[in-house]
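Enquirer: Quick note, the sequences are listed as chains A and B, same order. First residue of the first sequence: 1, per the working numbering; consecutive thereafter. First residue of the second sequence: 1, per the working numbering; consecutive thereafter.
Don't read these hints as lab results, they were simulated from the structure. As the structure is a prediction and not an experimental result, all values here were calculated from the model. Take the hints with a grain of salt, since some may be wrong.
To be verified - Reference excerpt, derived from the structure (chain A facing chain B, CB under 8 Å, subset only):
#	residue
1	F48
2	V52
3	Y64
4	E102
5	S108
To be verified - The following residues of chain B were derived to be distant from chain A, with all beta-carbon distances above 12 Å:
#	residue
6	D16
7	M55
8	Q59
9	N66
10	K67
11	Q80
12	E91
13	S92
14	K107
C-beta atoms are modelled at their ideal positions from N, C-alpha and C, and glycine is treated no differently.
If you want the building blocks of each chain, they are given just below.
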Amino acid sequence: DVKVTQSSRYLVKRTGEKVFLECVQDMDHENMFWYRQDPGLGLRLIYFSYDVKMKEKGDIPEGYSVSREKKERFSLILESASTNQTSMYLCASSRPGTQPYEKLFFGSGTQLSVL
Amino acid sequence: GEDVEQSLFLSVREGDSSVINCTYTDSSSTYLYWYKQEPGAGLQLLTYIFSNMDMKQDQRLTVLLNKKDKHLSLRIADTQTGDSAIYFCAESMRGSQGNLIFGKGTKLSVKP
Chain A
1 DVKVTQSSRY
11 LVKRTGEKVF
21 LECVQDMDHE
31 NMFWYRQDPG
41 LGLRLIYFSY
51 DVKMKEKGDI
61 PEGYSVSREK
71 KERFSLILES
81 ASTNQTSMYL
91 CASSRPGTQP
101 YEKLFFGSGT
111 QLSVL
Chain B
1 GEDVEQSLFL
11 SVREGDSSVI
21 NCTYTDSSST
31 YLYWYKQEPG
41 AGLQLLTYIF
51 SNMDMKQDQR
61 LTVLLNKKDK
71 HLSLRIADTQ
81 TGDSAIYFCA
91 ESMRGSQGNL
101 IFGKGTKLSV
111 KP
């Protein structure tokens, strides 16, 4: 069964801390994505990557960075966490070209609370 | 810019039909999607429709697409309590390389 695994289900951090959210997929997918999900705002794309060492800004990249050193792993980094980054973070992956439509596979999410 | 709009809440009784509506802005969308998010889980692709189709049926699910009005709907027949979830409408554009635009999600509550 295909899997996208996010390292933590719940995370509590303090303002100013550096935070790493890890995501691993076992499907050899080229594309990986980080979204945040907030009530009433839906999903907003933070960053995405089409290949190892490649990254593209999404709609709300401010305050975040990413790392893709290996194909299966895509990390989201909060350099200095702030309370407005309290949110549910969702990782997703996909393989382009295997079908004409886009099928994203999502992890279960990491609920981050910044105090 | 591109935008996908959908109402935030829908409540139905078990056994009734549910209709979740969505409007989108980009007429170049090639595919439109419905994703389902159950409580405590990530999103899963529920169904999709190609932009040159008007309707797609898959068991209890019917997707209707009105390209002229840029309106997409998802009908769930004989709604069950297990259908309670958040349903996201999404579109992909030509050349988007996998980047979907999601709506805010409609929370479907099914009452017994």
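Enquirer: If a hint holds in the structure, say so; if it doesn't, say that too.
Expert: So, going through the hints one by one against the coordinates:
{"no.": "1", "hint": "F48", "verdict": "holds, 6 Å"}
{"no.": "2", "hint": "V52", "verdict": "violated, 16 Å"}
{"no.": "3", "hint": "Y64", "verdict": "violated, 16 Å"}
{"no.": "4", "hint": "E102", "verdict": "holds, 5 Å"}
{"no.": "5", "hint": "S108", "verdict": "holds, 5 Å"}
{"no.": "6", "hint": "D16", "verdict": "holds, 25 Å"}
{"no.": "7", "hint": "M55", "verdict": "holds, 16 Å"}
{"no.": "8", "hint": "Q59", "verdict": "holds, 18 Å"}
{"no.": "9", "hint": "N66", "verdict": "holds, 19 Å"}
{"no.": "10", "hint": "K67", "verdict": "holds, 17 Å"}
{"no.": "11", "hint": "Q80", "verdict": "holds, 23 Å"}
{"no.": "12", "hint": "E91", "verdict": "violated, 10 Å"}
{"no.": "13", "hint": "S92", "verdict": "violated, 5 Å"}
{"no.": "14", "hint": "K107", "verdict": "violated, 9 Å"}
In summary, the structure is inconsistent with hints 2, 3, 12, 13, 14 from the numbered list given earlier, while agreeing with the others.
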